[in-house]
Amino acid sequence: MDETVAEYIRRTVLKIPRDEIKMMLQEWGFLSEAQLQTLNFHQIKDNISQEVVQLCEENSADIKQAAALDIIYNHIYQNKRMWSVYQMKKSGEELEYFDITDFKKKFKRRLRSALKNVTITFKEYEDNAIWIRVAWGTPHKKPNQYKPSYVVYHSQTPYVFISSSVLKSTLPLLCQALIVASNYHDIREMELRSHSLNSLKDIVFKRYSQNFQTDTPKPLQGGNVEPENADIRIVEENKSEKERIHRLNQEVFGSGPQPKLEFAQYRLETMFKSDPKMDVLDKKEPFRCLVKFSSPHLLESLKSLAPAGMADAPLSPLLTCIPHKARNYFKIREKKSLYPESFVSP
Amino acid sequence: HLATSLPLPSERDHLRPRIDLVVFMIDIRSKYSLKNVETSLAYVDASYFLGKVCFLVTGVGRKNDCSIETNSICKLGEAYCSPVLFCELELEGVRVATAQRLVRMLGICAGHIPGVSALSFVSLMRKSNDD
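Chains B and Y are the protein sequences, given in the same order. Residues 4 to 349 in the numbering used here are what the first sequence spells out, letter by letter. Residues 1151 to 1281 in the numbering used here are what the second sequence spells out, letter by letter.
Do not rely on the hints blindly, as some may be mistaken.
[Unchecked claim] Computed beta-carbon distance windows for the label pairs: (1) B:Ile237 with Y:Gly1257: 17 to 27 Å; (2) Y:Asp1195 with B:Arg236: 19 to 29 Å; (3) Y:Arg1168 with B:Pro320: 42 to 52 Å; (4) Y:Leu1239 with B:Asn147: 49 to 59 Å; (5) Y:Gly1243 with B:Ser298: 43 to 53 Å; (6) Y:Arg1168 with B:Leu293: 50 to 60 Å; (7) B:Gln29 with Y:Glu1240: 43 to 53 Å.
[To be verified] Pairs of lysine to any residue, SDA-like flavour, derived with a Cα cap of 20 Å: (8) B:Lys242 with Y:Leu1152; (9) B:Lys67 with B:Asn147; (10) B:Lys245 with Y:Thr1154; (11) Y:Lys1185 with B:Ala311; (12) B:Lys245 with Y:Ser1273.
These are calculated hints, taken from the structure and not from any lab test. Note that the structure is a prediction, hence the values are computed from the model and not measured. Don't be surprised by glycine CBs; every beta carbon is placed ideally from N, CA and C.
Based on the sequences and whatever the hints tell you, model everything.
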C-alpha cells in the first residue's frame, strides 16, 4: 500500500471521535466484520489508527477507498465546513431524464481533460443527494488529498452546494465540470453561505415554515404569550404590546424553527449623511462600510430581539428578508433617483 | 404591575390601584435598558421622587457582560434622589434578599409602618459630607 495512502487513512481516522470510529468503519465497509472485531476501540486513538492502517494494508487499500472514508467523515461532520450555494441555469425548458452514470462519466471526463491529476469520488445518499469529492493536483504533482473540494448536488434541483478547497483556482474548473455533466448552460454563485448544510437546503428548497397571510388571522389569547405566568398578583401592563410583537414576529418568521445561519453581511456603499454643519467628509464619495452580524444561530436571535425588548418590532426588512431572498450577503448602494434612499442590489 | 416602559397604557387606567413605589430595573448588560429608563423617568410625577422611586440594577453577577458603568447609574440615582440597589436575578439567595428589601420599602411607602415614611429614604440618600 502506498505510504501516502496509509498516512491519509491514519490522519482521517484520527479526526474521528473515538466513540464513532467503529460506526464509521462499518459504514465504510472496506474492512470485514471479522477484521473490525480484532480492533481494540478502548485504546488511545493513535493506536487505533495504526491498527486500522495495518488492516488496510492487508486489504491493499488504495486512494479510492481512502477518499471514500473521507466522504463519509465529511458527510457526518458536514457542519464543520463552510458551504456556498450555486444555482445552475438551463437554456431551454427541456425536462431531461437524469442519468447518474451519465452524470458521473461526463463530470470525470470534463475534469480529467483539463487536469490529469485529480481524485474524483462519488457517493449517493438516500435523500437524492450526490456527494462529490475532488482532490486537486497539477500536471506534475499528485493530487493533494488534504485540500479537497466537496460538492453536494440534488439532481432534481438546479442547486449545488460547494465547500471549496482552499486552492481557489480550482473553483472555475469545478463549476465547468458541473454544468457540463448536468446539462445546464450556466452557473452562478448565490450570496448565501453557512456552516449548516441542511439549513442552506431548507432555505433554497423552501423547506422551512413560512407564514402565509391568511384572511382570518387567529386571535391570540393572552394565555398563549406567557404560559408560565401563573401568579395572578402579577399584572402585565403592556400585554397588548407584547401580543402585537408576538403576532408581528409570527408573520415575519413563521412559527417553526429557523434555518441556521451564522452571518449576515451588509456592504454599504452609501453616502455618509451627516449634519451639514459638522462638515464631515466634504468629498461626495460613498462611505465604504461593512456591517456584519454574527451569531451561533442568527435567525433565531433576530426572532427573539423584539420579544426580549432589545429592538423595536417590526424589524428592518434588510434583516427579515434573509430566508425569503435566500441570501445573507448584501450590497447596499445609493439609489440614483429623485428619492435619495438606499436600495439593495440584486 | 410590570411594564416595559412609561407612560403606562391609558386603557388600563381604571384597573390600576394606587402606585406606592416605582422600581426602575436597569440591566447592566444593555445600554438600551438604561436609555429606556431615562426616557421613562420623564413620565413620573415629581412627588414620587420623595422616596417612592428606586433603581434596581440587575445582571451584576457577570462582570464581563457589563455595558453600562456603575458610575453613570449612581449619578442617575443622585440626580433623582433615589436609592440604587444592585442584584443578580440568577442567584436565588440574592434574588430573595432583594425581593424582601423591596417589599419592606413598599410597606413603608404604602404607609403600613407607623412612624416611618418614604421621606426617610430621602434623608438616607444625603451623603455624610453634605452636612
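Consistency of the hints with the structure:
1. B:Ile237 with Y:Gly1257: 17 to 27 Å: holds (18 Å)
2. Y:Asp1195 with B:Arg236: 19 to 29 Å: holds (25 Å)
3. Y:Arg1168 with B:Pro320: 42 to 52 Å: holds (44 Å)
4. Y:Leu1239 with B:Asn147: 49 to 59 Å: holds (54 Å)
5. Y:Gly1243 with B:Ser298: 43 to 53 Å: Cβ of Gly1243 of chain Y to Cβ of Ser298 of chain B: about 32 Å, so the range 43 to 53 Å is violated.
6. Y:Arg1168 with B:Leu293: 50 to 60 Å: Holds - the Cβ-Cβ distance for Arg1168 of chain Y and Leu293 of chain B, about 53 Å, lies within 50 to 60 Å.
7. B:Gln29 with Y:Glu1240: 43 to 53 Å: holds (45 Å)
8. B:Lys242 with Y:Leu1152: Measuring from Cα to Cα gives roughly 10 Å; hence the hint holds.
9. B:Lys67 with B:Asn147: holds (13 Å)
10. B:Lys245 with Y:Thr1154: holds (9 Å)
11. Y:Lys1185 with B:Ala311: holds (15 Å)
12. B:Lys245 with Y:Ser1273: violated (39 Å)
Hint compliance for this structure: hints 5 and 12 are broken, all remaining hints hold.
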